Amino acid sequence: MERIAWVTDSTGTLDEELSLNEHVYVVPMVVIIDGKEYEDGVDLLPEELYRRMSEEKITATTSQPSVGRFQELYKVLEKRYDRIIAVHLSSELSGTVSASRQAAQMVTIPVDVFDTLLISFPMLLILKRLMRYIENGDSINEAFVKTRMYADNHETYVMIGSLDQLHRSGRLTNAQYILGSLLSFKPIISIENGVLHTKSKPRNLKKAEKQIFTDFHRSVEAGKVKECTILYGGVSEQAQKWKKRISEEFPHVLTHVSPLGSAIGVHTGEQTIGLSWFNED
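Under my numbering, the letters of the sequence shown match residues 824 to 1104, in that order.
Heads up, none of these hints are tricks.
Here are the simulated DSS-like cross-link-like pairs (lysine-lysine), alpha carbons at most 30 Å apart as the crow flies:
#, residue 1, residue 2
1, K1064, K880
2, K859, K880
3, K951, K1047
4, K1049, K1030
5, K1029, K1064
6, K1029, K1047
7, K1067, K1024
8, K1066, K1047
9, K1049, K951
10, K1029, K1066
11, K969, K1049
12, K1024, K1049
13, K951, K969
14, K1033, K1067
15, K969, K1066
16, K880, K1029
17, K898, K951
18, K1029, K1049
19, K902, K951
20, K1033, K1064
Okay, the calculated beta carbon distance ranges per label pair:
#, residue 1, residue 2, range
21, D838, D961, 20 to 26 Å
22, K1049, E958, 16 to 22 Å
23, K1066, D975, 22 to 28 Å
24, L1077, D905, 30 to 36 Å
25, K1030, T884, 30 to 36 Å
26, E840, H1020, 28 to 34 Å
27, K1066, E1015, 23 to 29 Å
28, S1070, I932, 38 to 44 Å
Read the hints as simulated data drawn from the structure, not as lab findings.
Bear in mind that the values here come from a model prediction, so they are computed numbers and not experimental data.
The beta-carbon is built from N, C-alpha and C at its ideal position, and this holds for glycine as well.
Can you build the whole structure from these sequences, using the hints too?
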């Protein structure tokens, strides 16, 4: 069998299974604060980012890893492996896929890049799905086709707890920010075809949470959901409450709880929480 190295980016926080897998490598995203660059998850953790957001009112931006960063890693990996499979966040949200593909042209080892059209831990579930197909004997092409079908049947809804950081990072205009703040909107953001959309603008957190769970119940009761992921910024207690609720109502659904990395937290803020799942036939 081919020796395969699996590469992803830091928008997804590795769980224990992936952390213990010696063949999984993470290329960090870049967070820029006051002109200084930090590597997401290496020299900037979400807790520090949220503290500085709160206390210093910093304005942070993000950037994808450079082509050179990918090339450097791929040159190291080609000495140990026969192939690299890279799984990244949506190309509609970042240039990471493009940088990874450009670097692939600069090395001799075959590199296959999969654009998940997702972010965060759901992206890593796609990575696991690819691993499973290939371990079961599927070719790269077969695994990519099956995984694409699986990935396209996802639903991801993220509840933005505060509009402040979306405004600071340029994702919200002044008019939208002022109107949203005055009316106490708690927008729910969905990911559709790799792009962020405003699904709805409930007037408070209670209504926003109710809407997300209504959509989740619909899919679960249709018998299509085997696992889901709770995504959160700095509200770990709220995430655990959601997990308890899902476990009590739907004990057969495997529930993951995963923090959002610094590169995502820059745009969404500390109070963000969301729910993602895949609809399986």
